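In our numbering, the protein residues as written are 1 to 69.
The hints are simulated quantities; they were obtained by calculation from the structure and are not laboratory data. Note that the structure is a prediction, hence the values are computed from the model and not measured. Please note: incorrect hints may appear among the correct ones.
Here are the simulated lysine-lysine pairs, DSBU-like style, with alpha carbons at most 30 Å apart [what the hints assert, rightly or not]:
no.	residue 1	residue 2
1	K39	K5
2	K44	K13
3	K67	K10
What follows is a set of in silico ranges between Cβ atoms, one per label pair, in the way DEER data are often shown [unchecked claim]:
no.	residue 1	residue 2	range
4	I62	Y38	25 to 31 Å
5	E17	Y38	29 to 35 Å
6	V43	N15	27 to 33 Å
7	W63	I40	34 to 40 Å
8	Q65	K9	14 to 20 Å
Beta carbons: idealized from backbone N, C-alpha and C, even for Gly.
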Amino acid sequence: MAEIKFKLKKLTKRNWEITTKVRIEKINQLVRDWGNYYKISKVKNFLLSMDARVRRILRMCIWKQWKTP
Numbered sequence: 001m002a003e004i005k006f007k008l009k010k011l012t013k014r015n016w017e018i019t020t021k022v023r024i025e026k027i028n029q030l031v032r033d034w035g036n037y038y039k040i041s042k043v044k045n046f047l048l049s050m051d052a053r054v055r056r057i058l059r060m061c062i063w064k065q066w067k068t069p
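Just need the whole structure built from these sequences, with the hints factored in.
The following block contains the structure:
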């Protein structure tokens, strides 16, 4: 589970200059692949906490893009 946290951290760097749409597509692909790999095990609580973390980080990225001219 630490591996997916590290990958999410790489994908959600605030100083990475890509569009929000591309960033969300890459995050969706990572989460979908990871979820399909671990779908047999019980990871519901982890996925809920990861969802909250990703939403918070995406809000920060959008806020930073909005403030940058």
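Consistency of the hints with the structure:
1. K39 x K5: holds, 17 Å
2. K44 x K13: Within the cut-off at roughly 25 Å; holds.
3. K67 x K10: holds, 22 Å
4. I62 x Y38: 25 to 31 Å: Holds - the Cβ-Cβ distance for I62 and Y38, about 29 Å, lies within 25 to 31 Å.
5. E17 x Y38: 29 to 35 Å: holds, 32 Å
6. V43 x N15: 27 to 33 Å: holds, 30 Å
7. W63 x I40: 34 to 40 Å: holds, 37 Å
8. Q65 x K9: 14 to 20 Å: At 18 Å between Cβs, range holds.
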